[in-house]
Amino acid sequence: GSPVLEGNPRTIEWAFGVNVLGVIWSMQAFWPLQKAATGPRHVGITASSASTVAPAGDFPLYALTKHGTFAVAEALRAELAEQQIDTTVLCPGLLNTNIWDGARARPERFGGVRRMDPAIAQTWREAQDPAVMWPDIEASIAGGGGYLVCATEPALEARFDARQAEIKAGFRALFEE
Numbered sequence: 217g218s219p220v221l222e223g224n225p226r227t228i229e230w231a232f233g234v235n236v237l238g239v240i241w242s243m244q245a246f247w248p249l250q251k252a253a254t255g256p257r258h259v260g261i262t263a264s265s266a267s268t269v270a271p272a273g274d275f276p277l278y279a280l281t282k283h284g285t286f287a288v289a290e291a292l293r294a295e296l297a298e299q300q301i302d303t304t305v306l307c308p309g310l311l312n313t314n315i316w317d318g319a320r321a322r323p324e325r326f327g328g329v330r331r332m333d334p335a336i337a338q339t340w341r342e343a344q345d346p347a348v349m350w351p352d353i354e355a356s357i358a359g360g361g362g363y364l365v366c367a368t369e370p371a372l373e374a375r376f377d378a379r380q381a382e383i384k385a386g387f388r389a390l391f392e393e
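Under my numbering, the first residue of the sequence shown carries the number 217, and numbering increases by one thereafter.
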């Protein structure tokens, strides 16, 4: 939930390290196995529904880094397609992963409290379990991959489509100048 302009530099570096560089380093680590594998190969990259909206609101730093995840996923999809490796980019909405709990955030390294007040987690506790995504993921894998918006929140797919149209329009305008 950190702001970008007032965010702690360590928090900003941590968020980019996890959400952007983590995808790159993970793919580089598993790349030799993917390359050597025979038969169907498929990679799943989790972005977030936060990548479907402008990085503002309650979680601007998080949304910004998830836009970075999405950009890395775009580059990897292109590189992997050349190697006949299918890719699914997952953009799930709010899920109950218990990530809200500061005990999982290694506060001894990154600061913050060891355990957050469970009262603030009501929204997450009431969210759907990640298993709700599996039927859509299975269909994406069977179809060779692509972009998968897991609509765990109302109107998520419409937000994703609108944001993609906005980004494409911006690129068109940029190249027409």
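Hints may be right or wrong, so weigh each one.
DEER-style ranges, computed between Cβ atoms [said to hold, decoys possible]: (1) 258 - 385: 16 to 22 Å; (2) 344 - 374: 24 to 30 Å; (3) 256 - 335: 41 to 47 Å; (4) 324 - 294: 20 to 26 Å; (5) 348 - 222: 21 to 27 Å; (6) 335 - 385: 26 to 32 Å; (7) 233 - 360: 15 to 21 Å; (8) 270 - 344: 38 to 44 Å.
With a straight-line cut-off of 20 Å between C-alpha atoms, the simulated EDC-like cross-links for lysine to aspartate or glutamate are [unchecked claim]: (9) 384 - 302; (10) 251 - 222; (11) 251 - 298; (12) 251 - 324; (13) 251 - 295; (14) 384 - 373.
The hints are simulated quantities; they were obtained by calculation from the structure and are not laboratory data. Don't be surprised by glycine CBs; every beta carbon is placed ideally from N, CA and C.
Checked hints:
1. 258 - 385: 16 to 22 Å: Cβ of residue 258 to Cβ of residue 385: about 31 Å, so the range 16 to 22 Å is violated.
2. 344 - 374: 24 to 30 Å: violated (18 Å)
3. 256 - 335: 41 to 47 Å: Distance hint for residue 256, residue 335 holds at roughly 46 Å.
4. 324 - 294: 20 to 26 Å: Distance hint for residue 324, residue 294 is violated at roughly 39 Å.
5. 348 - 222: 21 to 27 Å: Distance hint for residue 348, residue 222 is violated at roughly 35 Å.
6. 335 - 385: 26 to 32 Å: violated (42 Å)
7. 233 - 360: 15 to 21 Å: violated (31 Å)
8. 270 - 344: 38 to 44 Å: Because 25 Å falls outside the window, the suggested range is violated.
9. 384 - 302: Cα-Cα ~23 Å, so violated.
10. 251 - 222: Not OK: residue 251 and residue 222 at ~42 Å, beyond 20 Å, violated.
11. 251 - 298: Between residue 251 and residue 298 the Cα gap is close to 11 Å, so the pair holds against 20 Å.
12. 251 - 324: Given pair residue 251, residue 324 is violated - Cα atoms ~38 Å apart, limit 20 Å.
13. 251 - 295: It holds: about 12 Å lies between the C-alpha atoms, which stays within 20 Å.
14. 384 - 373: holds (16 Å)
The structure is inconsistent with the numbered hints 1, 2, 4, 5, 6, 7, 8, 9, 10, 12, although it conforms to all the rest.
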